[in-house]
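K.L.:
In the order they appear, the protein sequences are chains A and B.
Convert by adding 113 to the 1-based position in the first sequence; the result is the number in my numbering.
Convert by adding 33 to the 1-based position in the second sequence; the result is the number in my numbering.
The set of hints was computed from the structure by calculation and includes no laboratory data.
It should be emphasised that the depicted structure is a prediction, and the values quoted were computed from it without experimental measurement.
Cβ atoms here follow ideal geometry from the backbone N, Cα and C, with glycine treated the same way.
A hint or two may mislead.
Beta-carbon label-pair distances, calculated as ranges [said to hold, decoys possible]:
1. Q77/B x G212/A: 14 to 24 Å
2. Q155/A x R93/B: 17 to 27 Å
3. S44/B x C126/A: 40 to 50 Å
4. D102/B x S167/A: 38 to 48 Å
5. I142/B x D217/A: 16 to 26 Å
6. G129/A x L41/B: 37 to 47 Å
7. S128/A x K100/B: 41 to 51 Å
8. Q77/B x H198/A: 25 to 35 Å
9. T195/A x G48/B: 26 to 36 Å
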Amino acid sequence: GAVVSQHPSRVICKSGTSVKIECRSLDFQATTMFWYRQFPKQSLMLMATSNEGSKATYEQGVEKDKFLINHASLTLSTLTVTSAHPEDSSFYICSASTGASSTDTQYFGPGTRLTVL
Amino acid sequence: GEDVEQSLFLSVREGDSSVINCTYTDSSSTYLYWYKQEPGAGLQLLTYIFSNMDMKQDQRLTVLLNKKDKHLSLRIADTQTGDSAIYFCAEDFGNEKLTFGTGTRLTIIP
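Let the sequences and hints guide you as you build the complete structure.
P.N.:
Listed below in structure tokens is the structure:
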């Protein structure tokens with residue numbers, strides 16, 4: 114089946130630094146990638162939708178200057194958390210789809226745990 | 034490796050019960066989750082079951098876990114139009130890694 118990887122799986126950083134998380138579709142080309150944020154045993158909040166070669170669409174309340182998303186190719190999207198603060202500590206999950214919307218089949222990555230000290 | 038499978042589509046008449054199934058290969062998970070996703074939205078956590086439980090009921094939702102067959106199901110009683118969505122099952126292995134199924138699209142027939 115379709116495989117999506119994320120790197121790193123966990124990262125610890127100091128407050129004020131930037132962290133980049135990669136999401137890759139390993140065996141298919143992803144037209145669309147989604148970025149979610151999850152709090153422990155809670156729902157996954159959709160942060161943004163990214164399409165290859167165009168600017169990401171951010172959900173209401175998500176700061177686009179803080180969470181930079183780049184979808185440089187059909188197999189790679191990156192999320193950069195800029196000037197990270199402890200409240201940014203969370204579990205970030207991406208998903209990839211060959212379609213254009215979240216109603217198309219999504220394949221999820223395993224998630225990245227970010228801890229900001 | 035871990036593999037979680039779901040049927041892609043399910044159609045149910047309004048008022049009937051919906052049963053969404055999920056099978057998995059790795060039984061070392063700690064929790065199993067059911068999420069609901071409406072168009073353009075995030076994944077709402079509906080319910081979860083600890084891996085040493087067989088059943089959990091929460092209002093209209095019943096989760097059944099058959100560890101021997103590695104089968105998880107979500108039953109929605111008295112299905113309503115507002116239940117139309119994509120339902121994802123997911124395994125939590127306790128090491129902060131989640132494995133999701135591909136989602137089941139539930140359509141309600143009036």
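K.L.:
Hints the structure violates: just list their numbers, smallest first.
P.N.:
Hint check: 9 fails alone, others pass.
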